[in-house]
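Participant: Work the whole structure out from these sequences, hints included.
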Amino acid sequence: MAGQIPRAFIEQLLAQTDIVQVIGQRVPLKKAGRNYVACCPFHSEKTPSFNVIPSKQFYHCFGCGASGDAIKFLQEYDGLSFTDAVEALAQQVGLQVPYQKLTPEQAQRQKAQATLYDLMAHAARFYRQQLRDHPDAEAAKAYLRQRGLTPEIAKRYYLGFAPPGWSSLDRAFTPITDYEEALETVGLRIRKEGKQGTYDRFRNRIMFPIRDVRGRVLGFGGRVLGDEKPKYLNSPESPIFHKGQVLYGLYEMHQARVKADLIIVVEGYMDVIALAQHGFPNAVATLGTAVTEAHLDRLYREVNTVVFSFDGDAAGRKAAWKAVELLLPRLNERQSARFLFLPPGEDPDSWVRKQGKAGFQQQLDSAPPLVDFVVEQIVAALPVPLSEQEGRRLFLAEIKPWLQRAKGWYQSALAEQAAGALGIPAWRLGRELGIYLPYARSEGVKKPQWQAPPVVGLAHRLARHLLAEPARARAWFSADDVALLRAAPVEGAPMLAWLIETLLNDADEATVVQALREHGQEALVTILQRLELPPPGENRDAEFQALLQRLIEAIELATTDDISAIAALKRGE
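Read left to right, the sequence shown gives residues 1 to 573 (UniProt numbering).
Incorrect hints may appear among the rest.
Quick list of in silico lysine to aspartate or glutamate cross-link-like pairs, EDC-like style, CA-CA up to 16 Å [stated by the list, open to error]: (1) Lys400 / Glu376; (2) Lys192 / Glu180; (3) Lys72 / Glu11; (4) Lys322 / Asp347; (5) Lys56 / Asp18; (6) Lys322 / Asp311; (7) Lys31 / Asp18; (8) Lys357 / Asp347.
None of these hints come from the bench; they were simulated from the model.
Facilitator: Right under this line is the structure:
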């Protein structure tokens with residue numbers, strides 16, 4: 001058995017490998033200066049963002065973030081293990097991989113795992129042969145024909161048949177006593193209660209091999225042909241099978257060389273196969289488990305858009321919310337998720353057989369995006385209309401944790417959608433919920449049409465006071481003062497006019513800061529936030545009034561206009 005590969009050899013191998021040649025054999029590259037570019041092979045895009053940098057023997061996609069060296073590329077693109085990728089590159093450059101000797105424990109563990117993979121591959125071949133040759137397989141074939149599956153699709157997914165009886169695997173593994181322990185480990189046999197020996201887990205079932213991206217059989221799903229329960233039976237977890245890390249159908253999608261814009265996530269094996277039969281080879285299933293982080297990582301390495309198709313019952317909607325919980329904090333603005341719920345009693349298998357490709361495509365096209373789904377579902381679940389005060393209160397309570405969970409662009413998009421349902425701007429929604437929404441558009445706030453003063457001075461100090469206590473703007477200034485300040489030929493006066501007008505319109509500090517950032521005034525925000533004020537009380541009041549007096553005097557010196565309004569404010573009239 002192979003041992004570990006020395007790090008020094010890995011470095012030597014990468015130094016002798018031409019990454020441009022390795023990737024160029026699989027992806028059409030175009031020269032761009034010193035580097036090469038292409039449309040990314042790991043996600044769907046029209047504008048090339050995949051870069052290969054020969055000087056660093058490195059690749060990086062600015063779209064999906066895929067990056068690494070030649071070994072990593074072969075792992076991701078060809079679905080190879082690290083060891084197999086090293087072997088492939090070594091063969092290409094004419095090097096021999098110098099494996100380090102394994103410890104006895106490592107050798108035993110590696111041998112045991114290899115045995116399990118070999119055993120599962122042999123079982124898959126056995127089940128496949130039984131579908132072709134076993135006399136009791138006619139019912140299975142009739143079922144597949146009735147579902148509209150062609151021999152080509154059955155071959156692509158390597159469908160098989162587990163014959164009736166308790167010991168069919170005895171014919172595949174002879175003598176069975178030599179294999180019982182391993183077969184029990186992978187869940188193909190079950191230990192008899194209180195007795196010696198084991199019996200077959202899968203009996204009289206259509207068999208669906210579950211394969212990883214390298215094509216190795218990890219487990220099976222079995223669909224019963226009679227009235228036995230459960231209708232679907234899956235392999236248990238084993239040393240080589242972890243349901244939360246596997247997507248059924250992804251290997252077959254790769255083998256079909258599908259370059260999809262999106263992936264459809266469904267619940268069952270037959271959903272995947274029926275969709276493939278009707279022109280949707282880009283469907284995968286989660287093997288009866290909730291969507292996991294590992295699933296999402298794999299899905300969004302493949303595409304930027306994922307459509308989740310769950311049953312419309314309570315369990316399906318619970319699964320959808322579990323997916324939302326994981327999606328909101330991890331998606332970026334280039335990635336999207338949609339949710340498809342078919343009519344009651346339908347699943348992708350039945351629906352695509354009834355409606356055909358066009359009918360299912362119509363459902364896909366109308367599937368609501370993630371943020372729409374969240375808001376629509378919350379509104380639909382309210383016991384009273386959203387237009388009523390109680391409905392509004394309940395909606396705010398329900399949407400708040402989802403907004404807190406969302407990050408970046410998706411937090412902004414969800415806030416906009418939720419605020420739209422309430423008929424208010426997003427920044428106001430954030431204020432009502434006590435959530436700072438850094439990406440929410442500050443609707444209703446005018447765009448600053450001025451340049452911030454280059455030197456920190458009077459205007460900045462006054463602005464800092466007003467931001468810290470917006471009530472001062474409403475207590476000391478009016479719309480007439482705003483107009484006078486806007487026209488005053490004093491440095492910083494237009495900035496103060498904009499700030500006062502914004503505060504008079506009931507904005508708070510967070511809204512003002514966001515509006516400044518949106519319009520390129522990040523430097524001003526930094527200056528204002530660094531200015532220190534006296535503690536609240538008489539000293540702060542005195543400083544504010546002194547600054548206001550200096551502003552009035554500056555305007556008096558610079559203009560002959562009537563400034564009695566501001567002077568009156570200073571006197572408190």
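Participant: Honestly, which of those hints from before does the structure not fit?
Facilitator: Per hint list: single violation, 4.
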